[in-house]
Amino acid sequence: MSQIAPPDDVDLIQLLTPTGQRVDRPDYSPRIAHLDAAALRGMYRDMLLTRRFDTEATALQRQGELGLWAQSLGQEAAQVGSGRAAAPQDMIFPAYREHGVAFVRGLELTKILRQFRGIDHGGWDPKDHNFHLYTLVIGSHTLHATGYAMGMQRDGVVGTGDPQRDAATMVYFGDGATSEGDTNEALVFAAVNNAPVVFFCQNNQWAISEPTSRQSRVPLYRRGQGFGIPSLRVDGNDVLACYAVTSEALERARSGGGPTFIEAFTYRMGAHTTSDDPTRYRSAAEEQYWRDRDPIDRLLALMKAEDAVDDAWLAELDAEATAFGEHIRTTVRSFERPSSDFMFRNVYAGPHAIVDDERAWFEAYQRTFADAPATEGGH
Amino acid sequence: MTTLTLAGAINAGLRRALENDPKVLLMGEDIGALGGVFRVTDGLHKDFGGERVVDTPLAEAGIVGTAIGLAMRGYRPVCEIQFDGFIFPAFDQITTQLAKMHYRSQGRITLPVVIRVPYGGGIGAIEHHSESPEALFAHTPGLRVVTPATPADGFAMIQQAIASPDPVLFFEPKGRYWDKGEVDLDAAAGAPEGLGVARIARAGTDITIAAYGPTVATALKVAEAAAAEGTSIEVVDLRSLSPLDTATLAESVRRTGHCVVVHEAPVFFGAGAEIAARITEACFFHLEAPVLRVGGFHVPYPVSKLEHDYLPGLDRVLDAVDRALSY
Numbered sequence: 005m006s007q008i009a010p011p012d013d014v015d016l017i018q019l020l021t022p023t024g025q026r027v028d029r030p031d032y033s034p035r036i037a038h039l040d041a042a043a044l045r046g047m048y049r050d051m052l053l054t055r056r057f058d059t060e061a062t063a064l065q066r067q068g069e070l071g072l073w074a075q076s077l078g079q080e081a082a083q084v085g086s087g088r089a090a091a092p093q094d095m096i097f098p099a100y101r102e103h104g105v106a107f108v109r110g111l112e113l114t115k116i117l118r119q120f121r122g123i124d125h126g127g128w129d130p131k132d133h134n135f136h137l138y139t140l141v142i143g144s145h146t147l148h149a150t151g152y153a154m155g156m157q158r159d160g161v162v163g164t165g166d167p168q169r170d171a172a173t174m175v176y177f178g179d180g181a182t183s184e185g186d187t188n189e190a191l192v193f194a195a196v197n198n199a200p201v202v203f204f205c206q207n208n209q210w211a212i213s214e215p216t217s218r219q220s221r222v223p224l225y226r227r228g229q230g231f232g233i234p235s236l237r238v239d240g241n242d243v244l245a246c247y248a249v250t251s252e253a254l255e256r257a258r259s260g261g262g263p264t265f266i267e268a269f270t271y272r273m274g275a276h277t278t279s280d281d282p283t284r285y286r287s288a289a290e291e292q293y294w295r296d297r298d299p300i301d302r303l304l305a306l307m308k309a310e311d312a313v314d315d316a317w318l319a320e321l322d323a324e325a326t327a328f329g330e331h332i333r334t335t336v337r338s339f340e341r342p343s344s345d346f347m348f349r350n351v352y353a354g355p356h357a358i359v360d361d362e363r364a365w366f367e368a369y370q371r372t373f374a375d376a377p378a379t380e381g382g383h
Numbered sequence: 068m069t070t071l072t073l074a075g076a077i078n079a080g081l082r083r084a085l086e087n088d089p090k091v092l093l094m095g096e097d098i099g100a101l102g103g104v105f106r107v108t109d110g111l112h113k114d115f116g117g118e119r120v121v122d123t124p125l126a127e128a129g130i131v132g133t134a135i136g137l138a139m140r141g142y143r144p145v146c147e148i149q150f151d152g153f154i155f156p157a158f159d160q161i162t163t164q165l166a167k168m169h170y171r172s173q174g175r176i177t178l179p180v181v182i183r184v185p186y187g188g189g190i191g192a193i194e195h196h197s198e199s200p201e202a203l204f205a206h207t208p209g210l211r212v213v214t215p216a217t218p219a220d221g222f223a224m225i226q227q228a229i230a231s232p233d234p235v236l237f238f239e240p241k242g243r244y245w246d247k248g249e250v251d252l253d254a255a256a257g258a259p260e261g262l263g264v265a266r267i268a269r270a271g272t273d274i275t276i277a278a279y280g281p282t283v284a285t286a287l288k289v290a291e292a293a294a295a296e297g298t299s300i301e302v303v304d305l306r307s308l309s310p311l312d313t314a315t316l317a318e319s320v321r322r323t324g325h326c327v328v329v330h331e332a333p334v335f336f337g338a339g340a341e342i343a344a345r346i347t348e349a350c351f352f353h354l355e356a357p358v359l360r361v362g363g364f365h366v367p368y369p370v371s372k373l374e375h376d377y378l379p380g381l382d383r384v385l386d387a388v389d390r391a392l393s394y
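Chains as they are written, first to last, in this note's numbering: chain A, 5 to 383; chain B, 68 to 394.
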């Protein structure tokens, strides 16, 4: 049986209740004091368009346009709140469902769909938005983020006091990843090197079919404490709290204060991927519990209560989402299969006799079919 | 020319790389004040400091995984895995991440990471300290796999490996660490492409022995012994398994008509199988006998009191030479 609600003994940092009422906390409320109505609308737009992207991608998979899709449904607040706390010079290492973070970083989201359509393994330059490629081997990239942060330390971009210069890394992973050796080694390396890295764990309660009780007997954030790393649990469906705790953690990292472990307590409202069937392992009651805590509804309730939004603006956003959906569908359908030589490119940065010979052989082999009609799968 | 051990020559090559490029850093267990368990990094921590010669936590995946991140940030990490048998905790980082990042990023990311691995047996060690896992990495696209056999190559090849834009598994024959040879410390290391080029270690006319790393010295001893009996053996030091310089080896075998491949790793599914297949295809009408392989048996590396029965020594290689020539 999964844990529907956080246990009572955990300090769940929350600045917005599920019904949209503000919670005043002297430690974190000051960190969101500057977020005016326009900023709230910006967050709402990020979350809504991320959800639209996710919905479109799911539909495209069902139509056979994508081989697989990993939904971000329900995790928009955790992703948008934390992503918005990052500075442009911070380096982000996502896992594989951080579509909301990608959106906040400015990535053209359809580039993500290239990987799920099977035409490349990562369709963007990580340097363009300081947003690394998706990593599918669970937890592997926690070490890359830590090493990258160790490089930042050596480059003198940590603790200089210059907000334009000081930088940190942030790595996203899930509840399942906290059991991986790589993640634990990353926490060791980050701790002993005081590396400027924020470990952002989205505890969405389910690692495919396994509840967090199969990963840990303590709340996940306490795992970070065991490494001597400041660690906390935040309401992952509260975009304001996610923003507040992440901005604090990144600020500490950039200033030379070392790593932080954040557990964002959220819920994977969709399936693990389009190949999964959650009805086999979790209850409808549990799903309803979390639907009642939808992160997008929560922010909308606040904005309405504070007159931060009107119907005209919402209608405009709705039109934008419709156009965005059309753009996603059109773009994905226009993605073409790469030519066969694509598979031989960039195996090595320098020449390599074995690959070079095999490529030459295959090209010659394919030329022998030059007169035959082309087939979808090649020869 | 300076007389150096293989360990000393690699040390000199690492020192040269640290001097020439501020982005080069060494990472590993006990490589700092101790100088590594084989002293290959001796003196480097004192001269370059703990930020560049880094004593890491005891976590091999962590060493390689953080090296990947450092390389993404523009550094050229040289990782030391303390012993061959301890590389497996890092196997995932090496094969799923390090080997594939350039490919999956469509060339946007290069990872110039070197992983130094003392390997091979013959030193009377306890289990997990004498293994030869090179074929596992040669089987992984995206990695370069090289091994020096002499101090001169140790000095040059470690610098070439560090200069390579690709990840390099640098296997150091630990049983040869204390073998001495002449090294020209003033020589330029040469371009990284040179890493994949085999060399004729000894010219001969009757049969070719293909060897690499620790078995090159064995092959040269075999050639010496056979010469006394009138057999002329050519020894090819492959230096690299990925890429594999089939051309140099095939040119030799076309002249001699015979080939024996020698390595310490188990013969079954080992590098020798790939080499034999390629030589058979490239030299089929020149071969007067099948390509024979001499190496370890399909058993875990045995207890040290039996390792000289397991390792391909002088007698077993001579036996294979005789079998090939009398086929």
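Hints should not be assumed to be uniformly reliable.
[Unchecked claim] List time: in silico DSS-like cross-link candidates among lysine-lysine, alpha-carbon distance up to 25 Å:
1. B:Lys-247 <-> B:Lys-288
2. B:Lys-288 <-> B:Lys-372
3. A:Lys-115 <-> A:Lys-131
4. B:Lys-247 <-> A:Lys-115
5. B:Lys-90 <-> A:Lys-131
6. A:Lys-131 <-> B:Lys-167
7. B:Lys-167 <-> B:Lys-113
8. B:Lys-113 <-> B:Lys-90
[Stated by the list, open to error] Away from chain A, derived, C-beta distances all over 12 Å, residues of chain B:
9. Ala-138
10. Gly-141
11. Ser-172
12. Arg-390
Just so you know, the hints here were simulated from the structure itself, not pulled from any lab data. We put the CB at the ideal spot given by N, CA and C, even for glycine.
Status of each hint after checking the structure:
1. B:Lys-247 <-> B:Lys-288: 15 Å, holds
2. B:Lys-288 <-> B:Lys-372: 23 Å, holds
3. A:Lys-115 <-> A:Lys-131: 14 Å, holds
4. B:Lys-247 <-> A:Lys-115: 55 Å, violated
5. B:Lys-90 <-> A:Lys-131: 19 Å, holds
6. A:Lys-131 <-> B:Lys-167: 18 Å, holds
7. B:Lys-167 <-> B:Lys-113: Violated, at roughly 35 Å.
8. B:Lys-113 <-> B:Lys-90: 18 Å, holds
9. Ala-138: 8 Å, violated
10. Gly-141: Violated, since 7 Å does not exceed 12 Å.
11. Ser-172: Violated, since 6 Å does not exceed 12 Å.
12. Arg-390: Given that every Cβ of chain A is farther than 12 Å from that of Arg-390 of chain B, nearest at about 29 Å, it holds.
Hints 4, 7, 9, 10 and 11 from the list above are not met by this structure, while the remaining hints are.
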